[in-house]
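Visitor: Please model the entire structure based on the sequences and the hints provided.
Read off the chains here:
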Amino acid sequence: MAYQMQFRSVLQRMPELMDGVILTIQLGSTAIALGLTVGVVGAAGRSYGPRWLDRCIGGYVEVIRNTPLLVQLFLVFFGLPLLGFRVSANTAALVGLVVNLGAYSTEIFRSGFQAIVPAQIQAGIALAMSPWQIFRHVIFFPALKIVYPALVGQVTLTFLSTSIVSAISAAELTSVANTIESQTFRSLETYIIVTIIYVVMTLLFRFLCWLLAQVLFGSVRDYRISRRLTPVATEVAP
Amino acid sequence: MMRTFMITDLYFLLYAAGWTVIITLVSFCFGGILGLAIALAKLFGGKIPRLIATAFVELLQSTPVLMLLFLSFYGLNYLGFRLPPFIAAGAALSLFAGAFLGEIWRGSIEAIEKSQWEASEALAMTRFQQCRYIIFPQAIRIALAPTIGFLAQLIKNTSIAALIGFVEITRAGQILNNMTFQPFLIFSLVAVIYFVICYPLSAYSQRLEEKLNASRSA
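Just so you know, the sequences run in chain order A and B. For reference, each letter of the first sequence is one residue, going 1 to 238 in our numbering. For reference, each letter of the second sequence is one residue, going 1001 to 1218 in our numbering.
Careful, some of the hints might be misleading.
To be verified - If you want the footprint, here are the derived chain A segments under chain B, 3+ residues with CB under 8 Å:
hint	stretch
1	54-68
2	163-171
3	177-191
Note that these hints are calculated values from the structure, not bench results. Cβ coordinates follow ideal geometry from the N, Cα and C atoms, glycine included.
Guide: Given below as structure tokens:
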């Protein structure tokens, strides 16, 4: 083999990579916070709103869930200026990620809301709770507990897919890596290091989600990504 | 040279959509083999195969697909192969599919009640016979819906192969956009083509799941 791995020239650029890490965390956490908000509102609209609203949100969900994030990003990046909004690549990336996660989390929250039996809501009314109190205590929190593992899986996927926004020249870890790669020509070394950084970040992120579940629900539940894909298996009684 | 979008460009997009389908099928096949190995290793393997399979799945599910793609693209070059992007993209997507399919199928097999195992063991069936006649036929029914759902997800993920220059439908869209600069029209068309491919799959997957849930709760 004529090729020798040399990590030094890449490791020297560690400060830049750390800047990239911070940008990725900023972008990811903002996108997740906003995307989940869209999801809760969308699911509430689908479950308790009028029929036409349900149809509209359903259309949005299906369109987003059946097209790739990369194409959605291109459409937002090139489309917003056509609509008269001059936005930076990072804003376009954020909008794309929020729209994407919003659709997926709408479906997840909706399945949670549907799992709350009407008798629970009637009991809330009987206790003279206000609509807001019913939504918060009777619907939202128990539903969150049910869908938490699926939600963590989806949010993790969104966090990982922030790497794709480098394709529309938004600044985050992968775009920093691409810059370093093109300047040092140490392609493999650069991407090995960056992959390790991503893995560490994701494992930490999943640990935080697990910790949050402990605080919120006081119980350990399976929070792996794949559980989202096997909803049947999770419902089997022990 | 700028020119406008022509009807022949639509043929180019559809031709590239063919490549999207091909790379999806290739990585689904190899990913399926890998996934089956992972599921079996996790369920029936000894300590070491189980550990390897678990570590593999956890690692791959914590890595962005784009990084897998870059690693296989540059990694294969590093090993001295001058391979077309198709191979690199196929390898990366196969690994990705393997990790997810492995978990789906493991979950489906685990969902079969323990009494099924016990009853078939009481009939003096061997482990292979148990799997072949009792467990897998039931597990396949459970696995079908999420597997088809994942297939739609895999199709969407092939779009990332555009970033290493593999000419599938998203890359074709980029090329056309560079020539005509009508991004909204072109990427809308690209999105429509993806939708036409993916929607039937995800709708079918959803219907299967509803049917399965209905039959289970009945």
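Visitor: What are the numbers of the hints the structure violates, in ascending order?
Guide: The structure conflicts with no hint, since it agrees with every one listed earlier.
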